[in-house]
Amino acid sequence: MRQVRKKSADPAARPYLLKARQEGLELSWNRFESMLPQDGFGKLGLTCFECLQGPCRLNPFSQNEELTICGRSKEDLVGQNLLRILNQSSDAQEVFVADNPGSTLTEKLLKTAQMQIEEKKKNRESLSKEKISKQVGLGVLREDKVNICLEGITSSVLKACAALAEEMTEEAVNRGAKGYNLVLAGDVTPHYPVPTVSNAGGVEFAILSGIVDLYAVGKTGLGLGKNVVSAYHTVYRDAPSQPEKEEIKDWFVQAAVAYGKRNKAKVLLSDQNGQADLLQLNRTLIKAHLDQGSIRKICVLTGGSSVAVQEDALLCEAAVKLAAEDVLCLAIGNAAATLGKYGLLASGAKEASANVTRALGTDQGAPVYWAGSETEILEVLDLIEGVGAERVLAIAPELSTSGDLQTALALAGAGVKVFTAVQLPVYGCEKVARDLDELISSCAPTDFVERIIAEL
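Residue numbers (the numbering used here): 1 to 456.
Just so you know, the hints here were simulated from the structure itself, not pulled from any lab data.
Any given hint might turn out to be false.
Below are the DSS-like pairs computed for lysine-lysine, each with C-alpha atoms no more than 25 Å apart in a straight line [what the hints assert, rightly or not]: (1) LYS121 to LYS159; (2) LYS226 to LYS264; (3) LYS245 to LYS178; (4) LYS121 to LYS108; (5) LYS159 to LYS249; (6) LYS120 to LYS108; (7) LYS19 to LYS6; (8) LYS219 to LYS122; (9) LYS111 to LYS121; (10) LYS219 to LYS108; (11) LYS287 to LYS121; (12) LYS111 to LYS122; (13) LYS7 to LYS226; (14) LYS417 to LYS120; (15) LYS245 to LYS145.
Please take these sequences and the hints and turn them into a complete structure.
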């Protein structure tokens, strides 16, 4: 099928897209284009696979199709499908629905997201007061080391991997490497000395570099790199939620073995290397400058990577334009991975707001400030509570995963206006679509940035 639009705004993507084409490999964008047009009933949220009498679907244009075989309405279908997405990595929905059978869908969604946030608080890791900077981009891969790429993993698995990378150095050296090089995809962590190779949407390019030796994906990861691992020496593993040391040690052994199987003819390196400098969120200072007007507003930049829109484009464009309006832009998780590779999280970037820079008391500011990993949504929610939700908006142009939806709903539950450029599967029920739009407003990609600026 012909390309429907430009795939990514990232200039580093082009050589890898060409490489994939030359090698006859299908990437996520190719699979997306091959599936067009997508199932219309599914996109509206009007399909049901809850029992073996179906699958059922309800026609939104027919008054003769109001209920499924089991008696579910359009509202029921849209609700159960959205809750299923939200709960792919949690049992919170089942607990809540059992206790609150009469709740509305929006109440269930917000309560579920809140329960998931409470779970995160149990494993909350404090941020160091020291200055923290991280490298972001395909250039963090090391040709002379065993590269292990981790995506969507828990903090306990990352902690175990960070420890083993030091403990098992000799294993890598014995295989001819200079040690292990751990990298993350889809997140930027301030808690461990691990750089970020790509956002979730760009991990295929990391595999296409030809020097990723093991790729492990946890329950919350998209895992797009699986599209191409079979064409390379790369070992793939599913990551558990709780690490067993022997299992993780086996990863490191297999990765070291794979290092010796690299095909030099397939290696394509990149010099892409951005920087993210962590901002400690001082709510007293930020609130004072919001009161004075030197900071106009706060915008939380979050969300994943989606083939449904041009990768990275809307997030980067919105970030630059918001910074020009003296908005304090804060990025976490995958959004930080996206912005970091473009240099938009680095101190001294030319797009930084002079007023915001002075307000924060830094010598050199950034257009967007890195506020941490996905789990630092807790820090952001604390900040919102301290400054007032009316002074904050949030954007997630590329909502994609259960975790993205959870974060968006947590922000909405705190009273923040949240905007996305992805159409959520709720438009099969007018009432649900209207109610959900009060929480997460879907905008057409062509209107997205203009709509955000209009909210200031």
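The hints, checked one at a time:
1. Distance hint between LYS121 and LYS159 is fulfilled; the C-alpha atoms sit about 17 Å from each other, no more than 25 Å.
2. Taking the CA atoms of LYS226 and LYS264, the gap is near 21 Å; set against the 25 Å cutoff, the hint holds.
3. Restraint check: the Cα-Cα separation between LYS245 and LYS178 comes to about 23 Å, which is no more than 25 Å; the hinted pair holds.
4. Proposed proximity of LYS121 and LYS108 is supported: the alpha carbons are some 20 Å apart, at most 25 Å.
5. For the suggested pair LYS159 and LYS249, the alpha carbons sit about 13 Å apart, so the restraint of at most 25 Å is met.
6. Using a Cα cut-off of 25 Å, the hinted pair LYS120 and LYS108 holds, with the two alpha carbons roughly 18 Å apart.
7. Pair hint LYS19 plus LYS6 holds up; C-alpha atoms about 16 Å apart against a cutoff of 25 Å.
8. Straight-line distance between C-alpha atoms of LYS219 and LYS122 comes to about 19 Å, which keeps the hinted pair within the 25 Å bound.
9. A distance of roughly 15 Å separates the Cα atoms of LYS111 and LYS121; the hinted pair therefore holds under the 25 Å criterion.
10. Straight-line distance between C-alpha atoms of LYS219 and LYS108 comes to about 23 Å, which keeps the hinted pair within the 25 Å bound.
11. Restraint check for LYS287 and LYS121: satisfied, since their Cα atoms lie roughly 24 Å apart, inside the 25 Å limit.
12. A C-alpha spacing of about 17 Å is found between LYS111 and LYS122, which places the hinted pair at or below 25 Å, so the restraint holds.
13. For the given pair, LYS7 sits about 18 Å from LYS226 by alpha-carbon distance, which is consistent with the 25 Å threshold.
14. Our distance criterion of 25 Å between C-alpha atoms is met by LYS417 and LYS120, whose separation comes to about 22 Å.
15. Proposed proximity of LYS245 and LYS145 is supported: the alpha carbons are some 22 Å apart, at most 25 Å.
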